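Chemist: The primary structure of each chain is shown beneath.
Protein chains: 2
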Amino acid sequence: MSELRRDPITGRWIIVSVERGKRPTDFMSPSSQRKRGGFCPFCPGNEYTTPPEILAFRPHDTKPNSTGWTLRVMPNKFPALQIYGDLNKMGEGIFDRINGIGAHEVIVETPEHFLSLSTMPKKAVEDVLWAYYLRLTDLKKDKRFKYVMIFKNEGEVAGASLEHTHSQLIALPIIPKLVKEEMDASRKYYDFKERCIFCDLINQELEDGRRVIYQNTGYIAIAPFASRSPFETWILPKTHEPDFYPPKNDFSGLA
Amino acid sequence: MSELRRDPITGRWIIVSVERGKRPTDFMSPSSQRKRGGFCPFCPGNEYTTPPEILAFRPHDTKPNSTGWTLRVMPNKFPALQIYGDLNKMGEGIFDRINGIGAHEVIVETPEHFLSLSTMPKKAVEDVLWAYYLRLTDLKKDKRFKYVMIFKNEGEVAGASLEHTHSQLIALPIIPKLVKEEMDASRKYYDFKERCIFCDLINQELEDGRRVIYQNTGYIAIAPFASRSPFETWILPKTHEPDFYPPKNDFSGLA
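Chains A and B, in that order, give the protein sequences. The letter at position 178 of the first sequence is residue 178 when you use my numbering, and the numbering goes up by one with no holes. So the mapping is simple: my numbering equals the position in the second sequence, first residue as 1, plus 255.
Think of the hints as simulated: they come from the structure by calculation, not from any bench. None of the values given here were measured: they were computed from a predicted structure. No residue lacks a Cβ here, since even glycine has one placed at the ideal position from N, Cα and C. Do not take every clue at face value.
To be verified - Below are the EDC-like pairs computed for lysine to aspartate or glutamate, each with C-alpha atoms no more than 16 Å apart in a straight line:
id, chain 1, residue 1, chain 2, residue 2
1, B, K344, B, D262
2, A, K177, B, D316
3, B, K432, A, D184
4, A, K63, A, E53
What the hints assert, rightly or not - Some chain B residues judged to face chain A by a derived CB distance under 10 Å, without partners named:
id, residue
5, R267
6, R352
7, P376
8, D382
Claimed, not checked - Not close to chain B: a few residues of chain A, all C-beta gaps over 12 Å, as computed:
id, residue
9, K140
10, N203
11, T217
Chain A with its partners taken away, still in its complex shape (with noise of 0.2 Å):
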């Protein structure tokens, strides 16, 4: 089983995973040549090679872990992390140790193998975001978990091993390091300033102007200040929430 670690001089976490050095890829790093046109674990007819499926949306008429599904969620068949047992957190002298319990699931967000999030259609990305949320849901209710991470490697330069799109989601039994200090930073500023720093953020882009990408009712689409990456983007609902849950359960302006 893989543990997570603790550097005790930042305490940053870190998940050890022996497991995960075992994952097939389409890729034979560093080349980038694509296997394209092999086998494909995600493509619709290979659902028996995944793990059973947890959410999927298919037509009633339909058994689970068939065929006729538009989106499809399983837990990912080399977890970083396990589902079943109970947190169990170790001292070993200066160090901090738990051991590896978490979710790791794969949302695969299309049965059409070439297609991305900027070719399908924008139902098919509300719908991709309903899972993000009925996934959220579900797994907040676990009393084990205390952050859960959505995230999506596209090509193979960002690490995907597998070329069909789809996201993850890791549910940590920790809150990391950088979304803490995220926390405590904004409580400070509201402390100091009775304002979010997020509303703040959006409001002296707006009149700015220049870092805006895009805009509707509901999201504002920014190019951040300090950017630590070129096209690195933010999407902020305009509103103080404290979450992307769906405003009138309707998810098409953040589509």
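Given chain A's structure and the hints, the job is docking chain B onto it.
Modeler: Below, chain B without anything else, positioned relative to chain A:
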């Protein structure tokens, strides 16, 4: 001119540099095809193509910026930060910026194009450490700078744009967030324990032994408990020292 920008939420500083996009490269990214045998500005005979040297280890009867050197330090031709000018710290609403003042130097460790730190004679590695020491000591006198970072991108995947072995040095007008966190955490640990966290770490690793890669009388190399990447290695002085400055003017143990 480039500039430093602070993320208003996390407090992390980044450097925005347009000039750095214009660098030449030996590597055709993302392919790993090396342009071996092409023109190399770091090879002897091509000294005229680099900015004038700041420091060189060379026989007394040779002239600066001519051949004959065994190690050579010069400003980076495509610097992320400029050495000339006064610091100018500016606010813009919630954003903070500093004009791009700093030092960005290149340490060419050997005249031999195909050698590397691992294949160089030990004496030459000692000379590299001496060069680091001399440049650090010189730049510490500049009141504009708060931190000097020495780093080495080995190979294309690590970000090296030229294959002739070299290190880089950047002097910054700010203390990087991670360094500040390490200092704060060490101080907090000391306040609580009345002991140095690095000394405690070394003692625990020596007793355990599993993560000790190498040690001699002065130094210890360990695989850290919470490595962020495979093969991460820390080298620490065994005695309680704030830096790697030469004990009894001798770098042979560290080399």
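Chemist: It remains to establish, for every hint, whether it holds in the given structure.
Modeler: Right, here's what the structure says about each hint:
| no. | hint | result |
| --- | --- | --- |
| 1 | B:K344 x B:D262 | holds, 15 Å |
| 2 | A:K177 x B:D316 | violated, 55 Å |
| 3 | B:K432 x A:D184 | holds, 15 Å |
| 4 | A:K63 x A:E53 | holds, 11 Å |
| 5 | R267 | holds, 7 Å |
| 6 | R352 | holds, 8 Å |
| 7 | P376 | violated, 31 Å |
| 8 | D382 | violated, 31 Å |
| 9 | K140 | holds, 23 Å |
| 10 | N203 | violated, 9 Å |
| 11 | T217 | holds, 24 Å |
Hints 2, 7, 8 and 10, counting from the list given before, are not met by this structure.
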